[in-house]
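Single-letter residue listing:
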Amino acid sequence: MNGFWWKIGGALIFLYVLIGGLVIPIKPGITSVTPSNAKSGEDITFNVVGYNTHFQAATKVRAWLKLDSIHAISATEIRKITENEAKFTFSIPANFPVKEAVQPLSLIVDNDVDGVFVQPNAIFATVADSSAISGEAWKSSGIGQFSVVEGIKFPYRNILNETIRNTFFHIALWFAMFILLIVGVYHAVRFLNTGDMIHDIKSASFNKIGIMYGVFGLITGSVWAKFTWDTFWTSDVKLNMTAIAMLIYLAYLVLRGSSSDHDRRAKLSASYSIFAFVALIPLVFIIPRMTDSLHPGNGGNPALGGEDLDNTLRLFFYPSIIALALLGTWMSQLLIRYEKLKEKVLLKNQ
Amino acid sequence: MKKFLSLTFISLCAVLPLMAQGDSLDFLRSTGKIYSVVIVIAVIFIGITILLYRLDRKLTKLENQIKNEQ
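Keeping their order, the protein sequence lines are chains E and S.
In case it helps, our numbering puts the first sequence at residues 1 to 350.
In case it helps, our numbering puts the second sequence at residues 1 to 70.
I should point out that these hints are in silico values taken from the structure, not numbers from a laboratory.
These figures come from a predicted structure and were not determined experimentally.
On the chain S side, residues computed to face chain E include the following (Cβ under 7 angstroms):
id, residue
1, G32
2, K33
3, I34
4, S36
5, V37
6, I39
7, V40
8, V43
9, I44
10, G47
Using 25 angstroms as the maximum straight-line C-alpha spacing, the simulated PhoX-like pairs for lysine-lysine come out as follows:
id, chain 1, residue 1, chain 2, residue 2
11, E, K342, E, K267
12, E, K348, S, K58
13, E, K87, E, K60
14, S, K67, E, K342
15, E, K99, E, K139
16, E, K99, E, K39
17, E, K340, S, K58
18, E, K342, S, K58
19, E, K87, E, K139
20, E, K66, E, K87
21, S, K67, E, K344
22, E, K267, E, K344
23, E, K80, E, K39
24, S, K61, E, K348
25, S, K67, E, K340
26, S, K67, E, K348
27, S, K61, E, K340
28, E, K66, E, K39
29, S, K61, E, K344
30, E, K344, S, K58
C-beta atoms are modelled at their ideal positions from N, C-alpha and C, and glycine is treated no differently.
Pulled out of the complex, with its shape left as it was, chain E reads as follows (with noise of 0.2 angstroms):
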């Protein structure tokens, strides 16, 4: 029963997360705006699908569409056909302020139930006379004083859609593999400095369950790309990377399989372990970032930031991390537990 309170807790986090992770919606969102394209000068309707809007049962629909920070139009007439579909009357004026052919407007819709969401770059709009600069009827929109609406909702991004709280799994699944093999790698270190047996069976342990937790993450993963990039792998150098880490880390496992001197078995693997510890940083961390990537947080643009990670998910990404680390240390834990018995055995047998 030695400390058996992190293994409760572990569990009851976990669930926190699942059920809290499945449970709490997604913010409203446009998925689809028809017809994409306007002209100048014409009155138009266009048909928009949302996803988890309640269109019919707000009192109060406004949309707009927004050329900049100070140029908007308002929408005419607003037809409302069910609660996720719902037809906005634009008049596009004759001249735009600027000056260009084409120019992507960005449609803004607000309700008092759902509150205000954006599809940028939802229309993209043709001028017909693009010299005639005019911002005139571009400026008395009344854009601005949105609902405000209370409680806690994901972000809705298009594509991920519900699939953003795989966060909370694949993702965590990652940082988790990391904190199981840091220990498995200080338990190597500590090996080699002492000569201990138990550290060697520690290290294996730990790095068995953290090798485990990087293939379920290649595998959620897969399955994640399918259903937001459409192909189970992809050349991304950041998959590609990680598949080469976890080959590193697998070949570990057949050094440990394939030598029956203890000791030499021991000495080997521990210094194996550092040795693939220390590639799986560049190759996990520091090569993805120097080119582009589909995953966030590579090529420049910085993860576990803003839109990416805001403060809702970040509500059950990190206990998310910790019970994931807790629960591996209690399987990690059981290893450990059969190889010092069968170590015993063992020296019995002797």
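Could you slot chain S onto chain E? The hints should help.
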């Protein structure tokens, strides 16, 4: 090594048929792709179950070994 290969293989076997092209994919993509989250949690659960199963078997073997010596 064998353990992890089989673990990967079995998890993939559980997931792949669900993700085959056609009608089942449309079903999986409904409700804002929530089923990707279901599959991800299922993968983790199946993986941990396999680990427990294998540990159980190894322990049973060890128990038998101890019993035989007595």
